[in-house]
Amino acid sequence: MVRILRLFFSTLLLFCGIVSPAFSGEPQDQLRQTTDKVLAILSDPAFKSPDKAKVRRELILRTVDERFDWEEMARRSLGRHWLQRSPEEKQEFIRLFKDLLERVYMDKVEGYSWNKIIYEGEQIDGNYATVRVKVFTSKDQTIQVEYRTRKRENQWLIYDFLVEGVGVVSNYRTQFNDIIVKSSYQELIKRLKTKATQDGMDEKKK
Amino acid sequence: MKKLDTELAVGLFVLAGILCLGYLTIKLGKMEIVGPKGYELHAIFSNSGGVKEGSSVVIAGVEVGRVKNITLENYQAKIILTLPRGIQIQEDAIASIKTKGLVGEKYIEIIPGGSEKYLSPGERIRETQPSVDLEELISKLVFEKI
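From first to last, the protein sequence lines stand for chains A and B.
Residue numbering for the first sequence follows this note's numbering, starting at 77 and increasing by one per position.
Residue numbering for the second sequence follows this note's numbering, starting at 855 and increasing by one per position.
No wet-lab data here; the hints were simulated from the structure.
These figures come from a predicted structure and were not determined experimentally.
Take the hints with a grain of salt, since some may be wrong.
[Claimed, not checked] Ranges of calculated distance between the beta carbons of each label pair, as one might list FRET restraints:
id, chain 1, residue 1, chain 2, residue 2, range
1, A, Glu-102, B, Gly-876, 50 to 60 Å
2, A, Glu-165, B, Cys-874, 50 to 60 Å
3, B, Glu-945, A, Asp-254, 45 to 55 Å
4, B, Leu-878, A, Gly-187, 57 to 67 Å
5, B, Gly-908, A, Gly-276, 44 to 54 Å
6, B, Gly-955, A, Glu-263, 46 to 56 Å
7, B, Ile-880, A, Ile-194, 49 to 59 Å
8, A, Asp-112, B, Asn-901, 24 to 34 Å
9, B, Leu-991, A, Asp-112, 23 to 33 Å
10, B, Glu-927, A, Thr-250, 22 to 32 Å
11, B, Gly-955, A, Thr-213, 27 to 37 Å
We put the beta carbon where it would ideally sit given N, CA and C, even for glycine.
Start from the sequences, fold in the hints, and give me the full structure.
Below, the structure written as structure tokens:
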């Protein structure tokens, strides 16, 4: 009897062991794949030298690109002003917005010393999913990040993320709205463009 | 006869007083006698940050609705809001919990979205932002220094 019980429990344990990785569903797995790729590029000794920095950045950008739904993110950030834009204006805005985010967050990604990343779970609700991640830096600080993703052709793409409870889309939606209401959409585009050239110059100085 | 008049006057005065008191109680207590006008939406927050029933719901700084009910659902805060019928909320609108001033009372701000789809009564505002814990942020700043 004892033997049967033991056998039963060991099979049960084995079964749990096989099943548990499957509990982390698609959104989390896909996000983990992208993060792992980026981390691999960051830690690759082949890209460590300063003259390789540009190649490395390109490579990271391309990897990250696959996981982001830039159009959705730009649309959500522009909020109610999106509908009033012409298709050309929308394309231009998506491009500028993507540039802005890449400049702002690439420095952070490259500069951070990521110690450990813990995936805290996901919540799937139809075509939407939230993945919560805890990043441990080498200073033993923890950063709580929450990714909001949407399914498109079997790919869960990020359209918003929250760092320590502060959302990127909501932050930009408020800022962009302020600028458009106070002056105009053209002014916003102008500001985004000047910021891009300024940052480009800062980059060259480095 | 005259005595009756005085008594009547006092009675009416007291009655008027009671009516006024009743009106004030309802008005100040933000109670509603005839069911709430408008419709309900709900949102799920990972941290309600102490929003209470009756807290205001604000769009662009203008109070448009109130928090009707807060319950715990799957260890998250489910907040039901009532909004007037005239105000429609886009499906990509963001509901975030804010604080008046640095330590003031909590309220919910809705940042309108750009979607052509509007939420119908009873639906959920998907995009939410929890209350930011200032103490926690400060402690993180402090501990980084050490």
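Results for each hint:
1. Separation of A/Glu-102 from B/Gly-876 is about 58 Å and conforms to the stated range, judged on CB atoms against 50 to 60 Å.
2. A beta carbon spacing of about 58 Å between A/Glu-165 and B/Cys-874 agrees with the range 50 to 60 Å that was offered as a hint.
3. Between B/Glu-945 and A/Asp-254 the Cβ separation comes to about 23 Å, which falls outside the hinted range of 45 to 55 Å.
4. As the Cβ distance of B/Leu-878 to A/Gly-187 is approximately 59 Å, the hint placing it in 57 to 67 Å holds.
5. For the pair B/Gly-908 and A/Gly-276, the supplied restraint of 44 to 54 Å holds, since their beta-carbon distance comes to about 51 Å.
6. Between B/Gly-955 and A/Glu-263, the C-beta spacing of about 30 Å breaks the proposed range 46 to 56 Å.
7. The beta-carbon spacing between B/Ile-880 and A/Ile-194, approximately 51 Å, falls within the hinted interval of 49 to 59 Å.
8. Separation of A/Asp-112 from B/Asn-901 is about 29 Å and conforms to the stated range, judged on CB atoms against 24 to 34 Å.
9. Roughly 29 Å separates the CB atoms of B/Leu-991 and A/Asp-112, a value that falls within the hinted 23 to 33 Å.
10. Separation of B/Glu-927 from A/Thr-250 is about 28 Å and conforms to the stated range, judged on CB atoms against 22 to 32 Å.
11. Remark: the range hint 27 to 37 Å for B/Gly-955 to A/Thr-213 is upheld by a beta-carbon distance near 31 Å.
Hint compliance for this structure: hints 3 and 6 are broken, all remaining hints hold.
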